[in-house]
Each structure stands twice: as structure tokens, then as C-alpha cells.
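Trainee: Take a look at the letters that make up each chain.
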Amino acid sequence: AQKVTQAQTEISVVEKEDVTLDCVYETRDTTYYLFWYKQPPSGELVFLIRRNSFDEQNEISGRYSWNFQKSTSSFNFTITASQVVDSAVYFCALSEAHGTYKYIFGTGTRLKVLA
Amino acid sequence: SQTIHQWPATLVQPVGSPLSLECTVEGTSNPNLYWYRQAAGRGLQLLFYSVGIGQISSEVPQNLSASRPQDRQFILSSKKLLLSDSGFYLCAGGEYEQYFGPGTRLTVT
Chain A
603 AQKVTQAQTE
613 ISVVEKEDVT
623 LDCVYETRDT
633 TYYLFWYKQP
643 PSGELVFLIR
653 RNSFDEQNEI
663 SGRYSWNFQK
673 STSSFNFTIT
683 ASQVVDSAVY
693 FCALSEAHGT
703 YKYIFGTGTR
713 LKVLA
Chain B
-1 SQTIHQWPAT
9 LVQPVGSPLS
19 LECTVEGTSN
29 PNLYWYRQAA
39 GRGLQLLFYS
49 VGIGQISSEV
59 PQNLSASRPQ
69 DRQFILSSKK
79 LLLSDSGFYL
89 CAGGEYEQYF
99 GPGTRLTVT
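Going down the list, the protein sequences come from chains A and B. Quick note on the working numbering: the first sequence kicks off at 603 and runs consecutively. Quick note on the working numbering: the second sequence kicks off at -1 and runs consecutively.
Here chain A stands alone, though its shape is the one from the complex (with noise of 0.2 Å):
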């Protein structure tokens, strides 16, 4: 069975700290798709970032970056010099690579930032 793991429920650093977000998953197909959404408080999703299992290059987007290690089933996402708007639940989500691409969502890491 498909499963996505994102054990800190809840981190808090000060402006400027880089943090990172764990996402641990669990599958049995050999290709799949993992992401990273951003749900700040008026709660729509925010889309970051979707990695293929087959390419397995970190990748960074301005402070953001994503380190994925399928031997290890880890896909772990840094924010460097956190800022207060980087304040937001983020969840991790798996989905197959063919059919109904149904993603299964990790519950989410609650990133407060403080000034």
C-alpha cells in the first residue's frame, strides 16, 4: 500500500533560520510522482514542485530546494533564510505515474517563522 509520512507535526524558527520538512513515503511501483504543496492560512494549495521517481537531481527554486533519495524513500524540503511569509502547513503527496494519478497526501507539517 501507498503511504506518506511527514513525522514533524509542527516546527517554529526565527527569521532567517533554514528549516527543512521531512517526507518519508512508501510504495510498490516502480515509477510514481512525489510533490510539495503550500497551504498558507486562506487555504488554497499551492503547487512547488512534482519529481519524477526516475530522476532523482536535487533541485532548487530560489530559497527553496528538494533533496530526494529513493534509497532511503525520502523527499526532504529546505527553505533557506526562512521569512515570515514562509509561514504555511506544507504536505507531501505520492501519486502513481499512470490511470488516475490520485495523489496520497502526508498530514502536513504546520512552518511558523517568527520575526
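Each hint should be verified, as a subset may be incorrect.
With a cut-off of at most 16 Å between alpha-carbon atoms, the simulated EDC-like pairs for lysine to aspartate or glutamate come out as follows [what the hints assert, rightly or not]: (1) Lys704/A <-> Glu57/B; (2) Lys605/A <-> Glu698/A; (3) Lys640/A <-> Glu57/B; (4) Lys605/A <-> Asp620/A; (5) Lys605/A <-> Glu617/A; (6) Lys704/A <-> Glu20/B; (7) Lys704/A <-> Glu93/B; (8) Lys672/A <-> Glu661/A.
Incomplete in silico selection of chain A near chain B, CB under 7 Å [stated by the list, open to error]: (9) Ile613; (10) Pro642; (11) Arg652; (12) Phe656; (13) Gln659; (14) Trp668; (15) Glu698; (16) Thr702; (17) Tyr703; (18) Gly710.
Because the hints were derived from the structure by calculation, they are not lab data. Idealized CB from N, CA, C, for every residue including glycine.
Based on these hints, arrange chain B on the given structure of chain A.
Mentor: Using the frame of chain A, we list chain B on its own:
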């Protein structure tokens, strides 16, 4: 990328009343469409998904139903709301990645 429109943004309904939430998609054709519910402070629960017009799959047996009368329209309905139907409802569309609408906050009183 696609844009997902949802309305209304908030809704307060009495127990036993009907419900109709509408979602439309802009910027793509024949998308997969999804309805999720999020209880306060909780994760996302997939309720329904659709891979085409008239094709609806239910993930959780409940008081709700969904329909897809047009390619880019997805409707969530209930004939009689229960208190437990309260929550934040999100529509999403896409294929490889899902794009989400702004959500509807439903309170059943």
C-alpha cells in the same frame, strides 16, 4: 497551467438542507478532476475523482455525491447535509500534477 474556479467561498447551511458546490477548470481540456475535504486542522481526504465526463469514482462512502456534466465542470452535491459534512472543500484538476481551487468553507449548523 490550469486555473480552478470554485464557489462559493463560504457557506453556512442548516442540517438537512441540500448542497451544491461547483468547480470549473480553465486552461486545459479533459483534465482529471478531484474533490477533497479537509476537516479543521487536519489533512486532506479524497472524496471523488473523475477521469472524464460522466465518470465518477467515490473514495469514501458518505452523504455526498459528485457529477461531471461537462468536461471542465465538477459538482459536489448532497440531498441532506449532516453536521459531520462541515469542513473545507477543495476542488483540484490536472493530470501529472493537481492544481487546486480556492476552496469552500462549509459550516453545517
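Trainee: Now, for every hint given, state plainly whether the structure supports it.
Mentor: Evaluated hints:
Restraint check: the Cα-Cα separation between Lys704/A and Glu57/B comes to about 10 Å, which is no more than 16 Å; the hinted pair holds. Annotation: proposed proximity of Lys605/A to Glu698/A holds, straight-line Cα distance about 12 Å (limit 16 Å). Proposed proximity of Lys640/A and Glu57/B is contradicted: the alpha carbons are some 24 Å apart, above 16 Å. A hinted pair counts as satisfied when its Cα atoms are at most 16 Å apart, and Lys605/A with Asp620/A does not qualify at roughly 27 Å.
With a C-alpha separation of about 32 Å, the suggested pair Lys605/A and Glu617/A falls outside the 16 Å cut-off, and the hint is violated. In summary, the hint linking Lys704/A to Glu20/B is not supported, as the alpha carbons are separated by about 20 Å, beyond the 16 Å threshold. Simply put, Lys704/A and Glu93/B have alpha-carbon atoms about 9 Å apart, close enough for the 16 Å limit, and the pair holds. Between the alpha carbons of Lys672/A and Glu661/A the distance comes to roughly 15 Å, so the proposed pair stays at or under 16 Å and holds.
At its closest, the beta carbon of Ile613/A sits 16 Å from a beta carbon of chain B; the interface hint therefore is violated under the 7 Å criterion. A distance limit of 7 Å between C-beta atoms decides the matter here; for Pro642/A the minimum to chain B is near 11 Å, and the interface restraint is violated. Evaluation of the Arg652/A hint against chain B yields a held restraint, the C-beta minimum of about 5 Å falling below 7 Å. Checking Phe656/A against chain B by beta carbon gives a least distance of about 14 Å; that is not within 7 Å, so the hint is violated.
Here the hint on Gln659/A is broken, as its CB sits about 17 Å from the closest CB of chain B, past 7 Å. The interface hint given for Trp668/A is broken, as the beta carbon of that residue sits about 14 Å from the closest beta carbon of chain B, more than 7 Å. For Glu698/A, the suggested interface contact is broken, since its CB lies about 11 Å from the closest CB of chain B, more than 7 Å. With 7 Å as the threshold, the beta carbon of Thr702/A comes within range of chain B, its nearest partner Cβ sitting at about 6 Å, so the hint holds.
With 7 Å as the threshold, the beta carbon of Tyr703/A comes within range of chain B, its nearest partner Cβ sitting at about 6 Å, so the hint holds. Checking Gly710/A against chain B: minimum C-beta separation of about 6 Å stays under 7 Å; hint holds.
The structure shown violates the earlier hints numbered 3, 4, 5, 6, 9, 10, 12, 13, 14 and 15.
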